[in-house]
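A.B. asks: One letter stands for each residue in the lines below.
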Amino acid sequence: MDLRPRSHPTYLAFVVHRVSGLLLALFLPLHFWALGTAISGEARFDGFLRWTENPLVKAAETGLVVLLAAHLAGGLRVMVLEFLGWRKRQKDMVALSAGLALLVGLLFLLNVV
Amino acid sequence: MSTRGQTHLWMVQRVTAMILALAVLVHLVTIIGAVRGGLSAAEILGRTHGNGAWFAFYVVFALSAGLHGAIGLRNIAAETIGLRGRGADLAWLAIGLVTAGFGIRAAYGLFA
Amino acid sequence: MAEPASLKVSVWRGGEQGDFARYEVPARANQTVLDVVTHIQRELDPSLAYRFACRVGMCGSCAMTVNGRARWTCRTHVRKVVGADGELELRPLANLPVIRDLAADLTPFFDKWQRAQGRFQPKDATDGAVPEEFAVVPPASKARREADAGIECIGCAVCYASCDVVTWNPDYLGPAALNRAWTLVNDVRDAGHGERLDAVAGDAGCHSCHSTQSCTERCPKNLDPSSAIAGLKRRLFWDTLLGRR
Numbered sequence: 006m007d008l009r010p011r012s013h014p015t016y017l018a019f020v021v022h023r024v025s026g027l028l029l030a031l032f033l034p035l036h037f038w039a040l041g042t043a044i045s046g047e048a049r050f051d052g053f054l055r056w057t058e059n060p061l062v063k064a065a066e067t068g069l070v071v072l073l074a075a076h077l078a079g080g081l082r083v084m085v086l087e088f089l090g091w092r093k094r095q096k097d098m099v100a101l102s103a104g105l106a107l108l109v110g111l112l113f114l115l116n117v118v
Numbered sequence: 427m428s429t430r431g432q433t434h435l436w437m438v439q440r441v442t443a444m445i446l447a448l449a450v451l452v453h454l455v456t457i458i459g460a461v462r463g464g465l466s467a468a469e470i471l472g473r474t475h476g477n478g479a480w481f482a483f484y485v486v487f488a489l490s491a492g493l494h495g496a497i498g499l500r501n502i503a504a505e506t507i508g509l510r511g512r513g514a515d516l517a518w519l520a521i522g523l524v525t526a527g528f529g530i531r532a533a534y535g536l537f538a
Numbered sequence: 212m213a214e215p216a217s218l219k220v221s222v223w224r225g226g227e228q229g230d231f232a233r234y235e236v237p238a239r240a241n242q243t244v245l246d247v248v249t250h251i252q253r254e255l256d257p258s259l260a261y262r263f264a265c266r267v268g269m270c271g272s273c274a275m276t277v278n279g280r281a282r283w284t285c286r287t288h289v290r291k292v293v294g295a296d297g298e299l300e301l302r303p304l305a306n307l308p309v310i311r312d313l314a315a316d317l318t319p320f321f322d323k324w325q326r327a328q329g330r331f332q333p334k335d336a337t338d339g340a341v342p343e344e345f346a347v348v349p350p351a352s353k354a355r356r357e358a359d360a361g362i363e364c365i366g367c368a369v370c371y372a373s374c375d376v377v378t379w380n381p382d383y384l385g386p387a388a389l390n391r392a393w394t395l396v397n398d399v400r401d402a403g404h405g406e407r408l409d410a411v412a413g414d415a416g417c418h419s420c421h422s423t424q425s426c427t428e429r430c431p432k433n434l435d436p437s438s439a440i441a442g443l444k445r446r447l448f449w450d451t452l453l454g455r456r
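Protein sequences, first through last, are from chains A, B and C.
In this text, residue positions in the first sequence follow my numbering: the first is 6, and each later residue adds one.
In this text, residue positions in the second sequence follow my numbering: the first is 427, and each later residue adds one.
In this text, residue positions in the third sequence follow my numbering: the first is 212, and each later residue adds one.
Watch out, some of these pointers could steer you wrong.
What the hints assert, rightly or not - Below, a list of computed lysine to aspartate or glutamate pairs in the EDC-like style, where the Cα atoms sit at most 20 Å apart:
{"#": "1", "chain 1": "C", "residue 1": "K353", "chain 2": "C", "residue 2": "D401"}
{"#": "2", "chain 1": "A", "residue 1": "K93", "chain 2": "C", "residue 2": "E363"}
{"#": "3", "chain 1": "A", "residue 1": "K93", "chain 2": "C", "residue 2": "D359"}
{"#": "4", "chain 1": "C", "residue 1": "K334", "chain 2": "C", "residue 2": "E344"}
{"#": "5", "chain 1": "C", "residue 1": "K334", "chain 2": "C", "residue 2": "E406"}
{"#": "6", "chain 1": "A", "residue 1": "K93", "chain 2": "C", "residue 2": "E357"}
{"#": "7", "chain 1": "A", "residue 1": "K63", "chain 2": "B", "residue 2": "E469"}
{"#": "8", "chain 1": "C", "residue 1": "K219", "chain 2": "C", "residue 2": "E300"}
{"#": "9", "chain 1": "C", "residue 1": "K334", "chain 2": "C", "residue 2": "D409"}
{"#": "10", "chain 1": "C", "residue 1": "K219", "chain 2": "C", "residue 2": "E235"}
{"#": "11", "chain 1": "C", "residue 1": "K334", "chain 2": "C", "residue 2": "D296"}
{"#": "12", "chain 1": "C", "residue 1": "K219", "chain 2": "C", "residue 2": "D296"}
Said to hold, decoys possible - Partial pick of chain A residues on the chain B-facing surface, computed with a CB cut under 7 Å:
{"#": "13", "residue": "F37"}
{"#": "14", "residue": "L40"}
{"#": "15", "residue": "G41"}
{"#": "16", "residue": "G80"}
By construction, these hints were calculated from the structure, which means they are not laboratory data.
Even for Gly, the Cβ is constructed at its ideal location relative to N, Cα and C.
From just these sequences and the hints, can you work out the full model?
C.D. replies: Okay, structure coming up:
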């Protein structure tokens, strides 16, 4: 793919939104299924939660939290454009949503370790 | 699907997005609070067990997320691999509802 | 930037299938990309096909892909787009059939203006007659300002060539046609809103736009088709929700 016509902030925002959305949509059934299966008793649920103590799982969780926050913040930008007609400062809003996503990821990381 | 049906799908996508905007915010705050000092089943179940408000929240959340995700996947599939048409639309709707069903099952596990 | 003495220009030759030909063109002060193409056709290779008319940014006929980006060539200065080594790459507009060399076929682009009901349908004289009285439209009214924001379109198809949704879905109406529809939806003298909103709804219309805003980024007239499309979505959302259509 030729990147020259696509190298501008709102295009990048679209790519982040699409990739995060795709990954989250694929993760969602796994998340629901694993949780539904784990919660069949407190002991079994605790066993599942102990598995999440694994640093690799924590790293993956942090990634998911960033994806979720990025999809949320990017989605809000699109919706204020669509429903409120905020056409100005779109690029600032892209930067703001990126910052917000990273901030949420950092908050999660600080609390989980 | 008629253009009216496609318009309705877009509207569902945006209405669920508005619900999810609030729900995800609550979810993120809950996650960050819950992981502080490690996750424990007793702590999570203590919050949700027998609590109708949390159960209702998770049912609405799961339904919105299931539909929102499936409509998003429909758009991606149409644009990247050219998967379009009535059959595909019905399949995506089913996938969205089944996903939501799994979520409601998990929410019921937390509640009961 | 230091200006090289000559430009090394790669020009697309052929139809959909073809290849780049390379030309050396003397660099001059205040040279536009269209000047470069004209030099090649007049001095180096008279068989080169391209299209232009006004040369002053009004007619919208000279748009091409310059170093990967769609641009109006008559108002694009070479020094703004050329690399340090004097390289210039010229292709016909993307997302459109290639007639030959740098000339793209704009038929699908204009057909979609028709499909989006992009023509004015007067309320007062539906049979095409001239109304007896002038319509009074306050220039500061919200609807008129929305319409004014989009009416300077010259139909150059730069937005259409820059839009990925057009690439992914050849039925998609594209930014220019949807922008045109939005200006008419905001024209209080127009009677065709109902049909027009039906025509721009759905997967081939405004609802496929993902707000990448490449159209707004590339429009040489600094219009904002992305916001126009957002306006159509907003209008269709409330009209459908409240049963007005």
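A.B. asks: Are the hints correct? Go through all of them and say.
C.D. replies: Against the structure, the hints:
no.: 1; hint: C:K353 to C:D401; verdict: 16 Å, holds
no.: 2; hint: A:K93 to C:E363; verdict: 19 Å, holds
no.: 3; hint: A:K93 to C:D359; verdict: 17 Å, holds
no.: 4; hint: C:K334 to C:E344; verdict: 12 Å, holds
no.: 5; hint: C:K334 to C:E406; verdict: 14 Å, holds
no.: 6; hint: A:K93 to C:E357; verdict: 14 Å, holds
no.: 7; hint: A:K63 to B:E469; verdict: 19 Å, holds
no.: 8; hint: C:K219 to C:E300; verdict: 9 Å, holds
no.: 9; hint: C:K334 to C:D409; verdict: 18 Å, holds
no.: 10; hint: C:K219 to C:E235; verdict: 5 Å, holds
no.: 11; hint: C:K334 to C:D296; verdict: 57 Å, violated
no.: 12; hint: C:K219 to C:D296; verdict: 8 Å, holds
no.: 13; hint: F37; verdict: 4 Å, holds
no.: 14; hint: L40; verdict: 4 Å, holds
no.: 15; hint: G41; verdict: 4 Å, holds
no.: 16; hint: G80; verdict: 6 Å, holds
In terms of the numbered hints stated before, the structure departs from hint 11 and from no other.
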